[in-house]
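Now for the letters of each chain:
2 protein chains.
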Amino acid sequence: MMSLVCLSLRLRAAGCHGSRRSVATVVSGNKTASLVRQRLQMEVQEMRSVLSGFRPGLLVLQVGDRADSNLYISAKLRAAAQIGIDAKHLRLPSSATQDQVLQSVLSINADPAVHGLIVQLPLDSVNPMDPERITNAVSPEKDVDGLSCINAGKLSRGDLKDCFIPCTPNGCMELIRQTGVSVAGKQAVVIGRSKIVGAPMHDLLLWSNATVTTCHSKTLDLPEQVGRADILVVGAGRAEMVRGDWLKEGAVVIDCGINHIPDERKLSGHRVVGDVHFASASQRAGFITPVPGGVGPMTVAMLMENTVQSARHFLLKIQAGG
Amino acid sequence: MMSLVCLSLRLRAAGCHGSRRSVATVVSGNKTASLVRQRLQMEVQEMRSVLSGFRPGLLVLQVGDRADSNLYISAKLRAAAQIGIDAKHLRLPSSATQDQVLQSVLSINADPAVHGLIVQLPLDSVNPMDPERITNAVSPEKDVDGLSCINAGKLSRGDLKDCFIPCTPNGCMELIRQTGVSVAGKQAVVIGRSKIVGAPMHDLLLWSNATVTTCHSKTLDLPEQVGRADILVVGAGRAEMVRGDWLKEGAVVIDCGINHIPDERKLSGHRVVGDVHFASASQRAGFITPVPGGVGPMTVAMLMENTVQSARHFLLKIQAGG
Numbered sequence: 001m002m003s004l005v006c007l008s009l010r011l012r013a014a015g016c017h018g019s020r021r022s023v024a025t026v027v028s029g030n031k032t033a034s035l036v037r038q039r040l041q042m043e044v045q046e047m048r049s050v051l052s053g054f055r056p057g058l059l060v061l062q063v064g065d066r067a068d069s070n071l072y073i074s075a076k077l078r079a080a081a082q083i084g085i086d087a088k089h090l091r092l093p094s095s096a097t098q099d100q101v102l103q104s105v106l107s108i109n110a111d112p113a114v115h116g117l118i119v120q121l122p123l124d125s126v127n128p129m130d131p132e133r134i135t136n137a138v139s140p141e142k143d144v145d146g147l148s149c150i151n152a153g154k155l156s157r158g159d160l161k162d163c164f165i166p167c168t169p170n171g172c173m174e175l176i177r178q179t180g181v182s183v184a185g186k187q188a189v190v191i192g193r194s195k196i197v198g199a200p201m202h203d204l205l206l207w208s209n210a211t212v213t214t215c216h217s218k219t220l221d222l223p224e225q226v227g228r229a230d231i232l233v234v235g236a237g238r239a240e241m242v243r244g245d246w247l248k249e250g251a252v253v254i255d256c257g258i259n260h261i262p263d264e265r266k267l268s269g270h271r272v273v274g275d276v277h278f279a280s281a282s283q284r285a286g287f288i289t290p291v292p293g294g295v296g297p298m299t300v301a302m303l304m305e306n307t308v309q310s311a312r313h314f315l316l317k318i319q320a321g322g
Numbered sequence: 001m002m003s004l005v006c007l008s009l010r011l012r013a014a015g016c017h018g019s020r021r022s023v024a025t026v027v028s029g030n031k032t033a034s035l036v037r038q039r040l041q042m043e044v045q046e047m048r049s050v051l052s053g054f055r056p057g058l059l060v061l062q063v064g065d066r067a068d069s070n071l072y073i074s075a076k077l078r079a080a081a082q083i084g085i086d087a088k089h090l091r092l093p094s095s096a097t098q099d100q101v102l103q104s105v106l107s108i109n110a111d112p113a114v115h116g117l118i119v120q121l122p123l124d125s126v127n128p129m130d131p132e133r134i135t136n137a138v139s140p141e142k143d144v145d146g147l148s149c150i151n152a153g154k155l156s157r158g159d160l161k162d163c164f165i166p167c168t169p170n171g172c173m174e175l176i177r178q179t180g181v182s183v184a185g186k187q188a189v190v191i192g193r194s195k196i197v198g199a200p201m202h203d204l205l206l207w208s209n210a211t212v213t214t215c216h217s218k219t220l221d222l223p224e225q226v227g228r229a230d231i232l233v234v235g236a237g238r239a240e241m242v243r244g245d246w247l248k249e250g251a252v253v254i255d256c257g258i259n260h261i262p263d264e265r266k267l268s269g270h271r272v273v274g275d276v277h278f279a280s281a282s283q284r285a286g287f288i289t290p291v292p293g294g295v296g297p298m299t300v301a302m303l304m305e306n307t308v309q310s311a312r313h314f315l316l317k318i319q320a321g322g
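In the order they appear, the protein sequences are chains E and X.
The first sequence begins at 1 in my numbering and counts up one residue at a time.
The second sequence begins at 1 in my numbering and counts up one residue at a time.
It cannot be assumed that every hint is accurate.
[Stated by the list, open to error] Once the Cα atoms are required to be at most 27 Å apart in a straight line, the calculated DSS-like pairs of lysine-lysine come out as:
id : chain 1 : residue 1 : chain 2 : residue 2
1  : E       : 218       : X       : 88
2  : X       : 248       : E       : 218
3  : E       : 218       : E       : 266
4  : X       : 195       : E       : 161
Everything labelled a hint here was simulated from the structure, so no lab data went into it.
It should be emphasised that the depicted structure is a prediction, and the values quoted were computed from it without experimental measurement.
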């Protein structure tokens with residue numbers, strides 16, 4: 001079913017046919033995330049009608065008390081509450097040892113009321129911690145961040161139906177879908193190869209049948225590579241690095257960057273920009289996501305999507321008597 | 001240390017400087033595999049001097065009795081014996097059930113004398129089998145084929161030091177190293193996205209810092225994509241698909257294809273060709289692997305490499321008292 005946002009984007013795109021496009025259509029993550037949340041809210045209500053009193057359960061495990069982590073966790077808990085997910089926050093003190101953190105993960109793995117478990121990174125502990133080991137201790141069936149090796153392996157080898165997809169690239173795919181531009185056969189370019197953005201983004205575009213090029217800090221001819229992209233996803237972590245004149249006319253541009261740059265006109269003394277230079281890029285792209293209000297809100301929405309998906313599997317298992 | 005083959009390839013390449021290259025240097029998999037086997041043989045002898053009587057152990061688990069599987073298994077057992085690996089072949093009847101196969105895998109996982117376990121595919125059984133499930137039952141520490149989700153996940157996310165790399169792409173990397181051409185910053189193109197060739201090949205080239213493009217059956221402009229490749233790896237499964245005039249002058253061309261085409265001049269009525277049209281490609285490439293005698297022999301050599309690597313880990317653990 002075509003959503004209203006999608007329909008409106010298509011109509012705007014259609015209106016530009018035949019004439020040179022001068023300003024890109026802005027793809028709003030705020031609007032798209034809101035639609036996703038509405039859909040999930042209805043789905044949770046439906047689950048409750050199937051099994052009285054049932055609620056999808058999400059647990060956020062935090063070590064320590066970083067201010068930025070606290071902000072992110074609040075946003076997640078708020079979004080979950082709005083949808084009807086039973087979200088809990090477990091905070092271990094920064095004096096916790098790795099063994100204690102692992103013990104907590106294992107006991108949450110065994111709790112049937114929790115369908116999604118995320119470990120808030122970075123771990124703020126006075127003790128040595130191996131984040132990889134802790135992330136991989138999360139049961140693959142509850143790993144709604146999609147960061148464990150097993151989920152990464154399935155995604156990278158094309159088993160998309162049988163894994164949790166990391167939230168940021170999953171949100172990017174949803175935004176690309178909203179443009180109405182088909183991915184199959186297109187030239188896609190991903191800048192960045194991180195575990196949470198670039199690498200899984202490559203996988204998603206590849207298994208949606210795009211021809212995918214991955215660029216990174218060692219790429220020598222970045223503007224030329226970018227100029228070939230029908231679909232460009234940027235997760236480079238460098239403020240306004242991608243300039244408008246690099247882009248292919250009409251490209252879909254998805255910006256995962258969140259960078260703070262000095263701005264004396266702001267009370268805070270800084271403003272948030274993406275990895276793409278928005279002003280010039282929007283003169284050349286066909287579709288572009290803003291920063292803020294683009295990919296950011298989608299990440300939290302997709303975490304909710306994965307949690308509801310996990311709860312759905314749990315319910316199906318119960319119904320099958322398994 | 002630069003090997004003799006590598007040095008000789010470099011000298012040949014250097015001789016072409018300044019003039020238009022007319023015939024590519026052929027990168028022999030037979031020679032390179034032989035050097036790998038010699039190195040491994042010495043390493044196994046060294047292990048035996050460290051722990052008297054110790055031998056790396058490899059087990060090939062087969063279900064049924066396919067003639068082609070029997071041939072491949074013989075080649076593996078022969079190569080293992082030559083190096084000093086204790087290789088065993090366990091054949092279950094085609095009447096075996098999936099549970100019986102899984103039970104065998106679990107009992108081999110627990111056997112400390114086996115450092116590498118491979119399940120020969122396809123499984124030739126009269127009963128329904130889920131090859132994914134069986135492959136993933138192999139302990140990640142013994143998965144010398146590198147086909148389990150966990151090893152695929154680590155490779156795809158760049159943890160190359162902590163995983164087994166699938167043998168065919170690992171062999172391709174060894175052949176690329178033999179050319180002396182550096183990978184970092186180069187444009188690499190991979191044709192194919194299979195679990196055993198294309199997808200892990202992408203990962204290896206990416207984490208060697210190439211800018212990598214993955215092409216496949218849905219790629220619309222394959223000749224154009226191929227024409228940009230400094231390094232081209234082809235695992236498409238289509239006889240002589242890549243033509244010489246598609247190539248960038250001087251490219252490194254690695255051909256993973258093994259295809260049988262009719263040839264009435266042969267007694268067998270057919271001959272084996274790769275996915276690259278060798279005659280035309282060798283007029284334009286800088287380096288090219290032949291078929292047969294290119295990637296093929298490297299696959300078995302790299303299986304031995306992984307088995308010896310696994311045994312090395314085992315020995316280190318024993319020495320550490322773990």
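*Could you tell me which of the numbered hints above are not met by this structure, giving the numbers in increasing order?*
1 and 3
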